[in-house]
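Assemble the whole structure, with the sequences as input and the hints as a guide.
Given next are the chains, with one letter for each unit.
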Amino acid sequence: MPLSIINVSLLARADFLSGVLVEMNKKIILLGALITAFMIGGCSSGSGNAGTGNESSGGQASKGTKTISMIGWYEEGIMNDAITKINESLDGYKLEYTFVNLKQYNNVLSTQLAAGEGPDIVMDGASFPARIKAGNLIDISNEAYVADFNEAGLALSTSANGKVYGIPAYGWYSGVWYNKEIFAKYNLTPPQTFDELLAVSQTLTDNGVQPLGFGLSDSDTAWHSLIGYLENAYYNGGKATTAFDTQFAKGETTLSGHLNSYVDEWAQLIDKGFINEKMLGISGEQVIPEFISGEIAMFNGGPWQYTQLKESGMEFGMFSHVGNDKDNRWLVGGPAANFGINKNSENMEGAKAALKLFGSKEVQQSILKSNPGGFSYFKGLDSELPEEYSAIKEILEAGRVGVSWDRWGTNMPAQSLIDEGLKQLQGMVAGMTTTEQFLKAMDDKANLIRYKD
Amino acid sequence: MRNKLNVYSPYVIMLLPLLVIYSVFYIVPLIYTAIYSFTDWSNYSSAIQFTGLSNYRKILEDNTLFVGVKNSLVYAISTVILQNLIALPVAVLLNSKLKFRNGFRAIFFSPAVLSTLVVGFLWSYMLSSSDYGMLNKLLASFGIGPVNFLGDPDTALTAIILTQVWQWFGWAMVIYLANLQSISEDLYEAASIDGAGRLQQFFSITVPQLAPAIKINLITGMISGLKVFDIVVSLTKGGPGYSTETILTLMFSKFSEGNYGYAASFGIVFLMLSLALAALLLRTFKIWEDRLN
Amino acid sequence: MKTTSFSERFIPIVSFLLMCGLTLIIAVPVYYLVVTTFKTSYEAAVSPLSLPSSFSFNAYVDAFVKMEYPRAFMNTFLITAFSVAGVILSASMGGYVLNRKSGSKWGKIIFIFILAGIMFPYQMSVLGLYKVVQSLHLMNTLTAVILINIAVNIPFATFMFRSFVSTIPGELEEAAKIDGAGFYRVFWIITFPLMKPIIATVAILNALTIWNDFMGPLYFIQSREKNVILQEVYRNVGQFSTDWTSMFPMMVLGVLPLLAFYLIMQKYIIGGVMNGALKG
Numbered sequence: 001m002p003l004s005i006i007n008v009s010l011l012a013r014a015d016f017l018s019g020v021l022v023e024m025n026k027k028i029i030l031l032g033a034l035i036t037a038f039m040i041g042g043c044s045s046g047s048g049n050a051g052t053g054n055e056s057s058g059g060q061a062s063k064g065t066k067t068i069s070m071i072g073w074y075e076e077g078i079m080n081d082a083i084t085k086i087n088e089s090l091d092g093y094k095l096e097y098t099f100v101n102l103k104q105y106n107n108v109l110s111t112q113l114a115a116g117e118g119p120d121i122v123m124d125g126a127s128f129p130a131r132i133k134a135g136n137l138i139d140i141s142n143e144a145y146v147a148d149f150n151e152a153g154l155a156l157s158t159s160a161n162g163k164v165y166g167i168p169a170y171g172w173y174s175g176v177w178y179n180k181e182i183f184a185k186y187n188l189t190p191p192q193t194f195d196e197l198l199a200v201s202q203t204l205t206d207n208g209v210q211p212l213g214f215g216l217s218d219s220d221t222a223w224h225s226l227i228g229y230l231e232n233a234y235y236n237g238g239k240a241t242t243a244f245d246t247q248f249a250k251g252e253t254t255l256s257g258h259l260n261s262y263v264d265e266w267a268q269l270i271d272k273g274f275i276n277e278k279m280l281g282i283s284g285e286q287v288i289p290e291f292i293s294g295e296i297a298m299f300n301g302g303p304w305q306y307t308q309l310k311e312s313g314m315e316f317g318m319f320s321h322v323g324n325d326k327d328n329r330w331l332v333g334g335p336a337a338n339f340g341i342n343k344n345s346e347n348m349e350g351a352k353a354a355l356k357l358f359g360s361k362e363v364q365q366s367i368l369k370s371n372p373g374g375f376s377y378f379k380g381l382d383s384e385l386p387e388e389y390s391a392i393k394e395i396l397e398a399g400r401v402g403v404s405w406d407r408w409g410t411n412m413p414a415q416s417l418i419d420e421g422l423k424q425l426q427g428m429v430a431g432m433t434t435t436e437q438f439l440k441a442m443d444d445k446a447n448l449i450r451y452k453d
Numbered sequence: 001m002r003n004k005l006n007v008y009s010p011y012v013i014m015l016l017p018l019l020v021i022y023s024v025f026y027i028v029p030l031i032y033t034a035i036y037s038f039t040d041w042s043n044y045s046s047a048i049q050f051t052g053l054s055n056y057r058k059i060l061e062d063n064t065l066f067v068g069v070k071n072s073l074v075y076a077i078s079t080v081i082l083q084n085l086i087a088l089p090v091a092v093l094l095n096s097k098l099k100f101r102n103g104f105r106a107i108f109f110s111p112a113v114l115s116t117l118v119v120g121f122l123w124s125y126m127l128s129s130s131d132y133g134m135l136n137k138l139l140a141s142f143g144i145g146p147v148n149f150l151g152d153p154d155t156a157l158t159a160i161i162l163t164q165v166w167q168w169f170g171w172a173m174v175i176y177l178a179n180l181q182s183i184s185e186d187l188y189e190a191a192s193i194d195g196a197g198r199l200q201q202f203f204s205i206t207v208p209q210l211a212p213a214i215k216i217n218l219i220t221g222m223i224s225g226l227k228v229f230d231i232v233v234s235l236t237k238g239g240p241g242y243s244t245e246t247i248l249t250l251m252f253s254k255f256s257e258g259n260y261g262y263a264a265s266f267g268i269v270f271l272m273l274s275l276a277l278a279a280l281l282l283r284t285f286k287i288w289e290d291r292l293n
Numbered sequence: 001m002k003t004t005s006f007s008e009r010f011i012p013i014v015s016f017l018l019m020c021g022l023t024l025i026i027a028v029p030v031y032y033l034v035v036t037t038f039k040t041s042y043e044a045a046v047s048p049l050s051l052p053s054s055f056s057f058n059a060y061v062d063a064f065v066k067m068e069y070p071r072a073f074m075n076t077f078l079i080t081a082f083s084v085a086g087v088i089l090s091a092s093m094g095g096y097v098l099n100r101k102s103g104s105k106w107g108k109i110i111f112i113f114i115l116a117g118i119m120f121p122y123q124m125s126v127l128g129l130y131k132v133v134q135s136l137h138l139m140n141t142l143t144a145v146i147l148i149n150i151a152v153n154i155p156f157a158t159f160m161f162r163s164f165v166s167t168i169p170g171e172l173e174e175a176a177k178i179d180g181a182g183f184y185r186v187f188w189i190i191t192f193p194l195m196k197p198i199i200a201t202v203a204i205l206n207a208l209t210i211w212n213d214f215m216g217p218l219y220f221i222q223s224r225e226k227n228v229i230l231q232e233v234y235r236n237v238g239q240f241s242t243d244w245t246s247m248f249p250m251m252v253l254g255v256l257p258l259l260a261f262y263l264i265m266q267k268y269i270i271g272g273v274m275n276g277a278l279k280g
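As you go down the protein sequences, you meet chains A, B and C in turn. Be aware that the first sequence starts at 1, since it is given in my numbering, and climbs by one per residue. Be aware that the second sequence starts at 1, since it is given in my numbering, and climbs by one per residue. Be aware that the third sequence starts at 1, since it is given in my numbering, and climbs by one per residue.
A couple of the hints might just be wrong.
Stated by the list, open to error - A few chain B residues that don't get close to chain A, going by computed Cβ distances all over 12 Å:
(1) Ile27
(2) Ala34
(3) Phe66
(4) Val69
(5) Lys70
(6) Ile81
(7) Leu85
(8) Pro89
(9) Leu98
(10) Ala106
(11) Ala196
(12) Arg198
(13) Leu277
(14) Ala279
(15) Leu282
(16) Thr284
Unchecked claim - Listed below are the simulated EDC-like cross-link pairs for lysine to aspartate or glutamate, each with C-alpha atoms no more than 20 Å apart in a straight line:
(17) A:Lys445 with B:Asp40
(18) A:Lys185 with A:Glu388
(19) C:Lys131 with A:Glu117
(20) B:Lys58 with A:Asp444
(21) A:Lys66 with C:Glu225
(22) A:Lys103 with A:Asp218
The hints are simulated quantities; they were obtained by calculation from the structure and are not laboratory data. Because the structure is a prediction, the values reported are computed rather than measured. Just so it is clear, CB atoms sit at the ideal spot from N, CA and C, and this is done for glycine as well.
The structure is reproduced here in structure tokens:
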């Protein structure tokens, strides 16, 4: 056994033990001292940083300035201007914004809030109602700036009993990007009804062009397509009204049995092969190069892709999600992030001052500017739309923007239901799931996650 | 040896740093989790209530758990087997006098230094079924494909397993290499005098002598295999459908949904399952080793 | 005899070719990672495997500046170094005691208690951990991340050290004691230096996991000046799109120190893992 070899050599060394002891002593003492120094250094540098952290990052912050903390999933480039504007007017406080990636954002914020900590200014999207429900936020109904926002913009930040806990950053929406050159080549016009969308897709397919690009592995483009169809055909142009979702959120009705025929109608996109299994292995981002290179004619997306498309030099435009009534088309969208104040904030006065500035026209304008194509819920603040948006301009101006999951969110963590919906949609595309199974799974999920009183 | 525990014994003092840090930062949070598992705590409730075993009952009714357990087991067993089937012969070859063997060793180990984050991004692009997916482009040049690696429910789990074999077989190889160096040359010389061929020597000497390395590779492989979740999240998010969900991705999504109590009970069930499995493995190895000796 | 000499000559060639083939499979993704750093995102998408049209290190320079590399590197390095040192110190002492006392009942119980920690990923008890860190007032400190890393990696390291110690004969310690050395002295002067191979092994394994750990810093460090390389990499993942041209160079920059560390430690680990990883 090799073990014996080691033993022999070790025992041989033991004979020279006293000599070894002297020789090793120095090394060991040195090593020990080094490690101890490291450990002490580590702890003190760790806690040292903690003490000075707030000041060092501020740079120009003077002594006596307290930090108002805030985390968010908007890239710093988007928020910088607004944060700077707020800091110019904040007296005695400094607002510090930290970016956290959207994939982890929800868990990080939830953990902090659950432990009774968290940032002074709470930023959240679809989960904002959950924060209200958990009592994480303070009531701001009586603040004057709340009145500057449209009612639609406060949909996510108003509780069931009518109290307001937050204000929106701006309004987002999604539609369908299309390649103008391809459309011109085949004499096509942007579809205004679902039947026209099917027809356009068929013409393109017959000419060897892939009509619609979807990334189903990680992105929710197909989900937007379905939800957009339902928003047009069911909630606003069809049998039901948006009140259906409020009932569903409360558990008074089910999706299954009501939405089946509408989902089936939309699923023609799958039946006809416009959405296919290949798309399950593609992410939403991976579709964009194919759209830019002209292999795909249409692509579900929103203003957030505008810059990338514009920079490519292609000719493109956006049309709205479609239903059956071309005069009553709706975009999918709603308030983007909402800002509120953490109930456990240790700088309540500062946080209130900062939120008031978030609700000012100047800051709202700045946020809107950083999100080109978006719109504002601040009364009297209009956005300038580039000509690519001409086909949806009228819809935006009429305020025909809505999305079912914001309505679900009043009584459940809507993101969980979206995730479930995406999974089930993947199943439908893979041919594993029927419409009924899809809707049933959504109902089951909703039953599991609905808020209990 | 005495069985008595003397608090002032130097043995106890030397154990203290380990016990204190481990207890405070590992066991205490685990106890919290165990307690939460009996409550209805969620991110939207302001008060916590004890609900007894109802979370555990809910798990039994949750039909996704079965999928998760099945996928975790399939994943753990397949990665362990594949990794070792590749790593063992490769290690034997790299233990012989081969040109550039140090270069080969370094290259084979190199994927292990990448974080899951990097590996996830890398492979999701390479396995993409889009026309620009690297692997499909490669296959197309041989006239094969396209294969929808991550998008087809039948191949998605296999694709994930292969990326992890790619990343970690180098680690298993290193362990085999180390073990190989402790095998005495005398054993082989004696065997070749007896007229045993190379293949025979491999099975009659190398493999039994590698028992310690096999043990460490299989056990650590199984444990980390059962714990898999971040690579799944970054490659498929458990999709398409539920086809690649593992126990921990499911637990993590319960956590994300804000059902802390329910998620905690998932965690405790997982802990029990993996402890049972580890005990089973260790027992099996003991029997094997006893037979070898 | 004839066949033997034939195979003696033939086998190395075949094995060499096999290894080359395997190298190709292993290296292509790594090549892809590196080559992408020299391309625009469009070029990377359209021709993923081709050599870049121009070799410019601008992307690296930009990434270096954008991710505040020296700072991010220093934080990652501090966390990794102190965590690894902490794991080695606590687990070597603990593993030693648990081996020498493996016959006693409490030694067995404590060992099983520690082994249980191998099974359960700590991320799953992040809420409890958050409470612990909060009550110790360690929130937003590197110290918190370091202590968590030590606790999380203790079980496996203890397991390795405990096994290794069985290859160190107790006679040595006895001899030293006869020479009049005290208990701690014997450990630090005789036993600890003999653990070199297993120390190298544990150091590499832990350096890999801790350097690449994202969850600890994500949950327990809030301000940017204390965040680690992976957090900087993740800053490129925006709400709707990922900045690949920045991200890939950052990934490479993040991994280089680790690769260098492995290459330096390689000779120890090969000698080391088995010299005791699982004897016993």
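Verification of the hints:
1. Non-interface call for Ile27 (chain B) relative to chain A: holds, since the shortest CB-CB distance, roughly 19 Å, exceeds 12 Å.
2. Listed as outside the interface, Ala34 (chain B) is consistent with that label: its C-beta sits roughly 17 Å from the nearest C-beta of chain A, beyond the 12 Å cut-off.
3. Distance check for Phe66 (chain B) against chain A: the nearest CB is about 15 Å away, which clears 12 Å, and the non-interface claim stands.
4. Listed as outside the interface, Val69 (chain B) is consistent with that label: its C-beta sits roughly 18 Å from the nearest C-beta of chain A, beyond the 12 Å cut-off.
5. Remark: the non-interface label on Lys70 (chain B) is consistent with the geometry, its nearest Cβ contact in chain A lying 16 Å away (cut-off 12 Å).
6. The beta carbon of Ile81 (chain B) is kept farther than 12 Å from every beta carbon of chain A, the shortest such distance being approximately 26 Å.
7. With a cut of 12 Å on Cβ distances, Leu85 (chain B) stays outside the contact zone with chain A, its closest approach being about 25 Å.
8. Consistency note on Pro89 (chain B): stated as away from chain A, and its beta-carbon is indeed over 12 Å from all of that chain's, at 22 Å minimum.
9. Look at Leu98 (chain B): its CB is around 22 Å from the nearest CB on chain A, clear of 12 Å, so calling it non-interface holds up.
10. Chain A leaves Ala106 (chain B) outside its interface by the beta-carbon criterion, the shortest separation being 25 Å against a cut-off of 12 Å.
11. Separation of Ala196 (chain B) from chain A is adequate, the least Cβ-Cβ distance of about 21 Å exceeding the 12 Å criterion.
12. Every Cβ of chain A is farther than 12 Å from the Cβ of Arg198 (chain B); the closest lies at roughly 22 Å, confirming the non-interface assignment.
13. At the 12 Å boundary, the C-beta of Leu277 (chain B) stays outside the reach of chain A, the nearest C-beta of that chain being 28 Å off.
14. Every CB of chain A lies more than 12 Å from the CB of Ala279 (chain B), the least distance being 27 Å, so the non-interface label holds.
15. Annotated as non-interface, Leu282 (chain B) keeps its C-beta farther than 12 Å from every C-beta of chain A; the closest such distance is 22 Å.
16. Non-interface call for Thr284 (chain B) relative to chain A: holds, since the shortest CB-CB distance, roughly 23 Å, exceeds 12 Å.
17. The suggested pairing of Lys445 (chain A) with Asp40 (chain B) holds, with an alpha-carbon distance near 17 Å, which does not exceed 20 Å.
18. Our distance criterion of 20 Å between C-alpha atoms is met by Lys185 (chain A) and Glu388 (chain A), whose separation comes to about 18 Å.
19. For the proposed pair Lys131 (chain C) and Glu117 (chain A), the alpha carbon gap of about 10 Å is at most 20 Å, so the pair holds.
20. For the suggested pair Lys58 (chain B) and Asp444 (chain A), the alpha carbons sit about 13 Å apart, so the restraint of at most 20 Å is met.
21. This hinted pair checks out: Lys66 (chain A) and Glu225 (chain C) have alpha carbons roughly 18 Å apart, not beyond 20 Å.
22. About 11 Å separates the Cα atoms of Lys103 (chain A) and Asp218 (chain A), which keeps this hinted pair within 20 Å; it holds.
Violated hints for the displayed structure: none, as all numbered hints are satisfied.
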